[in-house]
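S.K.: Sequence:
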Amino acid sequence: MRQVQYLVFCFSFLVAVADGFDQTIVSIVGPVIVKSGVIGLNDLGFVFFAGLIGYVPGSFLLGAAADRWGRRPLIVIALFILAVGSAGTALSRSLGELFIARFVTSLGIGGAAPCLIALAAEYSPRRLRTFIVALMWAGIPFGGILSGLTASIWLARLGWEAMFGIAAACTVLLAVIVQLVVPESPEFLVVKGGREDAVRNILERLGGGTCDEPLAPVPTPLEAPSSPKELFAAGFVRGTTALWIAMFAGFMQLIMISQYTPILLQIAGMRADDSGKVFTLFYVGSIVGTALAGPAIARVDGCKATAGWLVAAGAATAFFGGFASTVDRALVGITLVGLLQGLGLGALIAISASLYPAHIRSTGFGWAVGVSRLGGAAAPLLAAQLVSRHTTQVAFYMVVASIALLAALAVWFISAERSPRDASLSSR
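Here the sequence shown is numbered in the working numbering, starting from -18 and rising by one per residue.
The hints are simulated quantities; they were obtained by calculation from the structure and are not laboratory data.
Quick caveat: nothing in here was measured; it's all calculated off a predicted structure.
Note that CB positions come from ideal geometry on N, CA and C, so glycine has one too.
Worth double-checking, as some hints may not be accurate.
Derived Cβ-Cβ restraints for the label pairs, each shown as a range [unchecked claim]:
1) Asp309 x Val375: 10 to 20 Å
2) Gln366 x Arg310: 50 to 60 Å
3) Leu136 x Phe61: 45 to 55 Å
4) Leu136 x Lys210: 24 to 34 Å
5) Arg49 x Phe394: 45 to 55 Å
6) Arg(-17) x Val157: 16 to 26 Å
7) Ala376 x Arg49: 24 to 34 Å
8) Val157 x Lys285: 37 to 47 Å
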């Protein structure tokens, strides 16, 4: 492990933090925006939906573009899109403007995720790849907690517009720093071909010395851009299908818990500040679980362990639905749910980063993230139906638990196969 690797991991983590911050801040300040008169209470659901649905084209398009033009430039582009959306949110004065701004923001968020994961994975030693990828993903719940802390300090003093203004300014600064100091993926440069000087420079930084040896030629440098069709080529059909099902169901469960737990607890009679504590501990448990996922699956069968953690997360979710009758019980239960779900989804992210060879890695992960966002976008629709039908808290969480079991079942069928060509590249 060299300084350049720590540099890449640090800024990849910060990109994930920016992702998590913006995902959560709109939920926190949403009621304040309603009170300001910009939108009505019934309009808030459209704003949340706009902030979710843009993830899908962002992940699909920018993820595929990263396999064509590189990880770093697409991260920078995604961050600038995110900053434009955040600034537009701060300036919005109608539902239409707010809807467009949140959609643009989610485009940037959706595009950043596959690029940062691919970059981190390709700078990781093979024995640490799953650990590092899972650790990068932990930046998203960390950003959620950071948004809560920021709002608690500055929201009342500066207003809701300032929250998005601060986010936009910090995101622009991060994009500039990434462009200036973060190197491109050497694996991407090797696969593309024709960039021997750039590859040699990175190898020298990784090796800590001068690289005088001639570089071994790559048998067939990639000339054609990656295509989503390659995700269903021979050897990837079962893995891609199972991964998409698992990502859809896993993130659907995540959004249903994170967005509706405070609402359901308040309906059951819990005070708003106490439900906020429960919400925070869910993210704390998720951070711990996600950080532990990488080293955990490095020591056991990754797919079987991931399926087991998702089953346990489903069981804990069902248990929480009947157990959370007091504040203390809710705090304990939601922390356990967050921990187990963080383990399951963190491990799933790590597995998906190693499922595809380098020339389609960002495309594959981008489409998987896009499918997960479809699950996230569908979650409020299903949850709203359940709540509108006055579904009991126990029944609500039983439905959520069954979704987790579907994700676990899909993971059993994931086969993290690699092509011989990619294996040779990864070993260099």
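S.K.: Does each hint fit the structure? Answer for all of them.
M.R.: Each hint, compared with the structure:
At roughly 19 Å, the beta carbons of Asp309 and Val375 sit within the given window of 10 to 20 Å. The hinted range of 50 to 60 Å is not satisfied by Gln366 and Arg310, whose Cβ atoms lie roughly 27 Å apart. In this structure the supplied range 45 to 55 Å is violated for Leu136 paired with Phe61, their Cβ-Cβ distance being about 25 Å. In this structure, Leu136 and Lys210 break the distance hint of 24 to 34 Å, their C-beta atoms being roughly 47 Å apart.
Between Arg49 and Phe394 the Cβ separation comes to about 30 Å, which falls outside the hinted range of 45 to 55 Å. At about 24 Å, the CB distance of Arg(-17) to Val157 agrees with the hint of 16 to 26 Å. For the hinted restraint 24 to 34 Å between Ala376 and Arg49, the CB-CB distance of approximately 47 Å leaves it violated. The supplied range of 37 to 47 Å is met by Val157 and Lys285, whose beta-carbon atoms lie about 43 Å from each other.
In terms of the numbered hints stated before, the structure departs from hints 2, 3, 4, 5 and 7, listed from lowest to highest.
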